[in-house]
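**Q** Chain P: place on chain U using the hints.
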Amino acid sequence: MFEGLSEKLERSFKILKGQGYITEINVAETLKEVRKALIDADVSFKIAKDFTGKVKEKAIGQKILTSVSPGQLMVKVMHDELTELMGGESEEIQIKGNPAIILIAGLQGSGKTTFSAKLANYLKKKKGKHPLLVACDVYRPAAINQLKVLGEQIDVEVYSDENSKLPVSIARNAIQYAKDKGRNVVIIDTAGRLAIDELMMNEIYAIKKEVNPQEILFVVDSMTGQDAVNTAKAFNDKLDFNGVVLTKLDGDTRGGAALTIRSVVDKPIKFVGIGEKMDALDVFYPKRMADRILGMGDIVSLVERAQEQYDETEAKNLKRKLAKNEFNFNDFLKQIQQIKKMGNIKELASMIPGMGKALKDTEIEDDAFKGIEAIIYSMTPAERENPKLLNGSRRKRIAEGSGNSIVEVNRLIKQFEETSKMMRMMTTGGNRKMMQMMQQMRRN
Amino acid sequence: MGIFSFFSKEKKQDLDKGLEKTRENVFSKLSKAFIGKSKVDDEVLDELEEILVTSDVGVSTTLKIIERIESRVSKDKYLGTSELNRILKEEIAALLQENNSGDGEDFDIRPGVKPYVIMVVGVNGVGKTTTIGKLAYNFKKAGKSVVLGAADTFRAAAVDQIKIWGQRVDVPVISQGMGADPASVAFDTLKSAISQNTDIVIIDTAGRLHNKINLMKELTKIKSVMQKLLPDAPHEILLVLDGSTGQNAIEQAKQFTAATEVNALALTKLDGTAKGGVVIGISDQFKIPVKYIGIGEKMTDLQIFNRKAFVESLFEQSK
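Sequence order for the protein chains is U and P.
Counting from 1, one number per residue, gives the positions in the first sequence under my numbering.
Counting from 445, one number per residue, gives the positions in the second sequence under my numbering.
With the rest of the complex left out, here is chain U (with noise of 0.2 angstroms):
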């Protein structure tokens, strides 16, 4: 995600690297590197200032530690202090009271209307809860009805009142609704609003006290300047907010919101918006954040994502089916299938540490698996089942019918052949052979 800064700092950090110690002189040089690469990542200026201000206290006091490189000490520090900055611990969405009310806040354009609708598909899958959204932005054209739709996908009833243009009593009567048909969570969407105008943030201060919500989250692009200061604080005036969320992070190399808001608030990062399905919503966890803004990876999140997609009865299928030589194109293609579950695979790779500065230029498409199903598809369900029908013929028919060239089915049958052969191996226990047969599929 934040490739951007990761890799400035790595080359700021370059510069400490080579000298014997950290110097008043040589780490200025460095936290000036820092600090246009922070600010270049949207960082606010005076935090930025006073970031590498707290920095360069620190590193200077722990240069008698010459065992470790400069670079990786203030690697160290700087991920000390950025974790900090950030909040320390992971904070949960508080949903207590029935029902629990939950009030949605922020500027135009922010994300507010999708992210409702993805709090609502999490707290219903992950926490079992039986939310209602509630329709509060009566004046956006078309506001009311892009919920609607939304809540329709993931089967959440949505409350508006189409005539009423007063979000503070359909807020009331949304909650009485949510009281008689046994809902408990209540999420208002409201309208987006500017932190100056004054009546429109009158308007959102009075659902607040109509409704008295247990939590209230103010939904932030993640890609905001340096105005997120202002806005962020004006909101929390206004508000005194539980929390924010971080939206579109799936299209960020930088995000310096991330590292601002917490410090000038003081409230914590609760969620991110990872694109635009309604399932691509994400805890936020501020050391992983640490750990990827310094170009550390973030392999928790990723492993995560995996179990998470993980199907411990199709596990075991599968095993069953390797060790009997059953494995088949049908199983591949869930194999397949499982992987694009679990999200972008680029973003999946970047989570590696070290991969997100080596992939920045590379381009993983979406659908890179594309090609592979097209061609899998065009099998008939008897060739899927039993890959040795495969023959000549077969095999031009297969290519004539996705599109392909008889190269690349081939080249497709032959890395399901290699792929059944090294998982095989895998359930077997076959590790050494495994390793000499990796070496060898990369020479190929």
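Keep in mind the hints are simulated off the structure, nothing from the lab.
Be careful, since some hints might not be right.
To be verified - DSSO-like mimics (lysine-lysine), calculated; alpha carbons at most 27 angstroms apart, straight line:
no., chain 1, residue 1, chain 2, residue 2
1, P, 656, U, 340
2, U, 370, U, 126
3, U, 165, P, 607
4, U, 287, U, 49
5, U, 370, P, 665
6, P, 508, U, 46
7, U, 126, U, 334
8, U, 334, P, 742
9, U, 46, P, 533
10, U, 148, P, 607
11, P, 665, U, 340
12, P, 656, U, 277
13, P, 588, U, 277
14, P, 584, P, 742
15, U, 238, P, 742
**A** Same frame as chain U, now just chain P:
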């Protein structure tokens, strides 16, 4: 934010009372730092750096501006703060591309092109559809006929949103519903414009993050499908940037330009505290002029970009 104070009185009165802020001219702050000095010193430059950086101008563009000022001051022999102010504004304005039409006041299009096709692109939530509604209003007011193409067929209720704008402004909207092929919608819109002899076509597109390769390819496709009907369409590819976006806007400009040859910018949401300074670097680097600015949610809240007013606004602060 001070863009308002430099537009005509009539326009200024359009603004909601609630949006008005007290402002302090930062030039006075700069001037104070200057008293009794014969050259631009570190204190002045630091002050200048902070003003520019906190307006999202970005480090490299800020350094570029400072360098240019330093060299001009040493060459021209600095005389007083009023000269510095003038030089400062000139240098920043110089980085902003001139509009094709000059720094005009009116909503106008290239003469002799009919229909004139505008394709509107940008990341999610920047205000594309709202800008289109306002553009349609202004063009119609200027006596042109307009048709809108609802080619955002992806985001929930996007088609409804542009249809409501069509009703408000009273211009036709061509749509095929949600999930339809956006290129096909654009094609239909153009076809309708040609047969109805419409002056201006505006195509809405779905918001997309610039690093999603397939979605960027889709834009290229929409463009090339329109060229089947009109080889030189679209005449204007308008990239809409959110005024509160930081340095990421540069990457947006780069990627959208690579996919569609963006030739005009619109900067939205300037009625807040955001300054939108990032367009200075974009304009300088990619030679794309800023054409419009959005300053509110009403139909009338779109203005032709004025370089001078924009630069002035960078140096104003809310108290």
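**Q** Now tell me if each hint is right for this structure.
**A** Hints, verified against the model:
1. 656(P) x 340(U): 15 angstroms, holds
2. 370(U) x 126(U): 30 angstroms, violated
3. 165(U) x 607(P): 20 angstroms, holds
4. 287(U) x 49(U): With Cα atoms ~21 angstroms apart, residue 287(U) and residue 49(U) stay inside 27 angstroms; holds.
5. 370(U) x 665(P): 19 angstroms, holds
6. 508(P) x 46(U): Holds. Residue 508(P) to residue 46(U) sits at ~21 angstroms (cutoff 27 angstroms).
7. 126(U) x 334(U): Holds, at roughly 24 angstroms.
8. 334(U) x 742(P): Violated - the C-alpha atoms of residue 742(P) and residue 334(U) are around 50 angstroms apart, more than 27 angstroms.
9. 46(U) x 533(P): With Cα atoms ~24 angstroms apart, residue 46(U) and residue 533(P) stay inside 27 angstroms; holds.
10. 148(U) x 607(P): 17 angstroms, holds
11. 665(P) x 340(U): Answer holds: residue 665(P) to residue 340(U) is near 25 angstroms, not above 27 angstroms.
12. 656(P) x 277(U): 14 angstroms, holds
13. 588(P) x 277(U): Measuring from Cα to Cα gives roughly 39 angstroms; hence the hint is violated.
14. 584(P) x 742(P): OK: residue 584(P) and residue 742(P) at ~15 angstroms, within 27 angstroms.
15. 238(U) x 742(P): Between residue 238(U) and residue 742(P) the Cα gap is close to 25 angstroms, so the pair holds against 27 angstroms.
Violated hints for the displayed structure, listed by number in ascending order: 2, 8, 13.
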